[in-house]
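J.: These are the residues of each chain, in order.
There are 4 protein chains.
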Amino acid sequence: MPAPCNCKHVDKVSQSTSLAALSPELEKEFANPLHPANLICELCRLFYDNNWVTGTGGGISIRDVEGPNPNLVYIAPSGVQKERIQPWEMFLVELPDEKLLRTPNDIPDELTKKYKYKPSACTPLFMSCYKMRDAGACIHTHSQNAVMITLLFENQSQFEISHIEQIKALPKLVYNKESSKVEKVASLEYYDTLTIPIIENTPHEEDLTDSLQEAIKNFPGASAVLVRRHGIYVWGETVWKAKIYNEAIDYLLELAIKMYQAGIPLVKKVQDTIEQSEICCNKLQDTIEQSEIVL
Amino acid sequence: MPAPCNCKHVDKVSQSTSLAALSPELEKEFANPLHPANLICELCRLFYDNNWVTGTGGGISIRDVEGPNPNLVYIAPSGVQKERIQPWEMFLVELPDEKLLRTPNDIPDELTKKYKYKPSACTPLFMSCYKMRDAGACIHTHSQNAVMITLLFENQSQFEISHIEQIKALPKLVYNKESSKVEKVASLEYYDTLTIPIIENTPHEEDLTDSLQEAIKNFPGASAVLVRRHGIYVWGETVWKAKIYNEAIDYLLELAIKMYQAGIPLVKKVQDTIEQSEICCNKLQDTIEQSEIVL
Amino acid sequence: MPAPCNCKHVDKVSQSTSLAALSPELEKEFANPLHPANLICELCRLFYDNNWVTGTGGGISIRDVEGPNPNLVYIAPSGVQKERIQPWEMFLVELPDEKLLRTPNDIPDELTKKYKYKPSACTPLFMSCYKMRDAGACIHTHSQNAVMITLLFENQSQFEISHIEQIKALPKLVYNKESSKVEKVASLEYYDTLTIPIIENTPHEEDLTDSLQEAIKNFPGASAVLVRRHGIYVWGETVWKAKIYNEAIDYLLELAIKMYQAGIPLVKKVQDTIEQSEICCNKLQDTIEQSEIVL
Amino acid sequence: MPAPCNCKHVDKVSQSTSLAALSPELEKEFANPLHPANLICELCRLFYDNNWVTGTGGGISIRDVEGPNPNLVYIAPSGVQKERIQPWEMFLVELPDEKLLRTPNDIPDELTKKYKYKPSACTPLFMSCYKMRDAGACIHTHSQNAVMITLLFENQSQFEISHIEQIKALPKLVYNKESSKVEKVASLEYYDTLTIPIIENTPHEEDLTDSLQEAIKNFPGASAVLVRRHGIYVWGETVWKAKIYNEAIDYLLELAIKMYQAGIPLVKKVQDTIEQSEICCNKLQDTIEQSEIVL
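Protein chains in written order, with the UniProt record's numbering: chain R, 1 to 295; chain B, 1 to 295; chain E, 1 to 295; chain V, 1 to 295.
Next up, chain R with everything else stripped away, as it sits in the complex (with noise of 0.2 Å):
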């Protein structure tokens, strides 16, 4: 899991290089590498790094929500090598009717090459994480760890995992019901049950939507849906939660993995050890009292 390439100088002079033929407004809007349109090429690029989003698989996409219109979304396009993809290349919609503002369709054909681009599959549910949970970003991973669990817990339709640190990079949700929202208000704790729910995968992926709907719904406290034999979809407040969640769970992943071929389980029962340790006492106590009746 390669760093960010520190190397900004560089970026800058090739990415003025790439740009000079857009129009002068997105030109100067793709200078800042901050912008979401960059920072989906740059999370692409890392997760190509970490075998997430090979051959074109996954997607990302992020809302504008530290910018002066929270309600833009941008959307990586369907089918492109993830890891080569240009800010100009993102599908704009605008929240809530999904108002399409902009496609890379509009492009010059200079920067294109005439490639007809076509608006991720997994729009529909991205959009639903960003309806349902008010999302920041949301990130769709072919992760092999992620494919993994759900094939060695195949009849299962929820992955859980306890007792690891790692659990704490993730958030404690709540469904509070005054503002009929799910919120956060705390992370994890170390001894807490991380939740993932699994649903089933589809021949087409627009159709997992209801699924992954029942599953936000069912699991207030989920920031993510695992698919079987396909992937998962972790989101978060903002890009750079959506980040770290993803990177937190696919730790905890890969370590589940390992510790089921090892046959650790996966959820530490701390009440059996305690009923153990009480059952413990009380035969300890008999076996004082007995020896004091002896005595």
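What you were told as hints is all true, and nothing was included just to trick you.
To be clear about the criterion: a stretch of chain E counts as covered by chain V if any three or more of its residues have a C-beta under 8 Å from a C-beta of chain V, and this derived list gives those stretches: (1) 154–167; (2) 189–199; (3) 243–249.
Negatives, chain R to chain E, calculated, CB over 12 Å: (4) L19; (5) A20; (6) L22; (7) L92; (8) L111; (9) R133; (10) Q144; (11) E178; (12) E183; (13) V185; (14) S211.
Computed spacing ranges between beta-carbons, pair by pair: (15) K217/B with V270/V: 24 to 30 Å; (16) K28/E with P108/R: 44 to 50 Å; (17) L34/E with P108/B: 39 to 45 Å; (18) K172/R with N155/B: 48 to 54 Å; (19) K172/R with N71/E: 36 to 42 Å; (20) P24/V with D134/E: 39 to 45 Å; (21) K177/E with N218/V: 48 to 54 Å.
No wet-lab data here; the hints were simulated from the structure.
Built from N, CA and C at the ideal position, the CB exists for glycine as well.
Please arrange chains B, E and V on chain R, whose structure you already have, making use of the hints.
T.: Just chains B, E and V now, with coordinates in the frame of chain R:
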């Protein structure tokens, strides 16, 4: 799998330096980063990072399908370190008669240091892909995932996997009787079975040609051939398609090894599942009917 | 484990750009790439690449042992992405009373974007290493090798390995009664047993302090402490020694897991071997004597 | 295994900066990126990325076979971080009497910071390869694949593998009685068995010399020696050949571990296969004959 370096500015500088010893025509030709000879260099570096072509293993060839003469084929030479290859080190032949137009042995000694280049032993295999499938590029790697699959299934002459999302990155190919050609009609579906033939290795790479051609003929749906105890050949309509297919296949081979080790079947027998459901339904029906009788 | 980027020229350029918003004093201070604050950034990027500090996990602290005031301690903040950390984001405290000299919350908003930094929860643990062992730096990672070892040996309170060459990278430490200090007298020998205590995790990181201190006291030969289901703390005389020890230990933990899975004992019982040889010798002797009797 | 950075332009800049403190002669010498001292730096960075020389482990030496004096041998120093090594940190000796011509301890304090360099403990081992095999370079790594193979085959004194394509990257060496030298006559064939002797580790690296020399003598076909619980020594005619052999061997060791774990024999017994086919043929012949009788 590290993403390509974004430092386009720097690459140009270093390139112009090393190319100055070439003829002005070649210098100009190789100044284009999308020239097939440059793409071979870029992809070889990527493949090296993936442990696919270490120790001078593997090879790649690109047909200039988007250039003025789509019959030109660039081929990386034999026995050199793939990650250090330079654009002027390629052999250039013209289809259909494979006329040799240029060899790195014509390049000034200043650059070649009098090294005598040999064409890749893969050349007849690459040519088979161009002639039998109209391929735009052909990639050959010594991927350990490819080698391991042929060892784990030592008695099988094909590799099969189904019901994994990543399968959708690969093309659905059908034989068109009218054109007598294998044509891409769509992408594979999630529930389709990806089939890759496995041929036996031979002491000399060129001797693989007959069995590779036979496999290409017998498996019209395949865009790759595995070579037992050796590696894999993957081709595509363009260099980028070949790269994407190769990445997606290696992802699936890696996953297949993990599934095999965990005892998970690579091909999901859906029919069985349906029949079992029907049996269950019938039994349930019987039970209900019997209950009704009892009632 | 990617080597540090060699592009010093470029790093300087990008650095001077991002530091321009600082006070001239800080800008000058951070211009030195070997400044502890810069080394923290460089090492965090390296650790991220190794999957040791993803998802904001882990931490690092450097004492300025080669600077004018060796009591100054730089500490990376809590909860930030370690691979994106900047030199002005460190907390600076002075030993022995841990007086807070500087916090990133004093930095201009232009750089911090009003983010409110919190000191690392590891702070009291880092301080224990400085005070009890005169450490020059302390590294804390969530390395999966560390976590897995504590899970595979769930009932053990220490990890041991012997007879692996890499052990020689670690220091031989002994308690000096006169100075009442643990001192490095040499490197471990190939046949020495490396011992690392394992302490139990606690819900709050700072609550590890007591058991970490106890482990440091009880294991005078240790330069690291494993935390069950959590990760590892490693320290050294200087930042580079801490880095080397951490690398060598992680190499040994990774190897130990492979050995465990292959059923190979981690500690080679040489004594047993010698005793067995002696028994064999004795038996042989007996046999010879008996033969002689017979003769 | 990341490919070398292509940014030659930037490397030159950073290099000239750090070399300015040297004498003009050395500064000029090290300006050549193909100088043995620079190649040692480049390869150490690559080996570090492969986890072969982390924690100061491993070493490398290059004989200047293409320079004006092919008796000059450059050796990386002991105990330093291999990925941060600089060209002026090498020891330089002249064969055949190993006369010490230059040490990094002669370099201005400004660069060495008064660090006292020690020659690598591998020096007598490197010298053995130069003297007994006319090697042009010798690489020593702590590769975990090398260590694991010596552990999995703890009772064997050699490692063998056959019928894997990558074997062809290694040289076929034979002892020439006339010249009394081991000479490369070709590359190994696919069906050849690659054999690498395994020697037992000793507490002090220099004490390996005798058994390494004995192994080199007893295994004229070998271009590497495995050291149990320690790592591997690999040599070649030039630095690039040594690098290629080392890469190919590590690939084969990695694959061999996977094959071992899957229960696949490392050496394919072709004779058995032929005999079995013959038995089958005979049985078939019998059956046919019997059928004919019946008919």
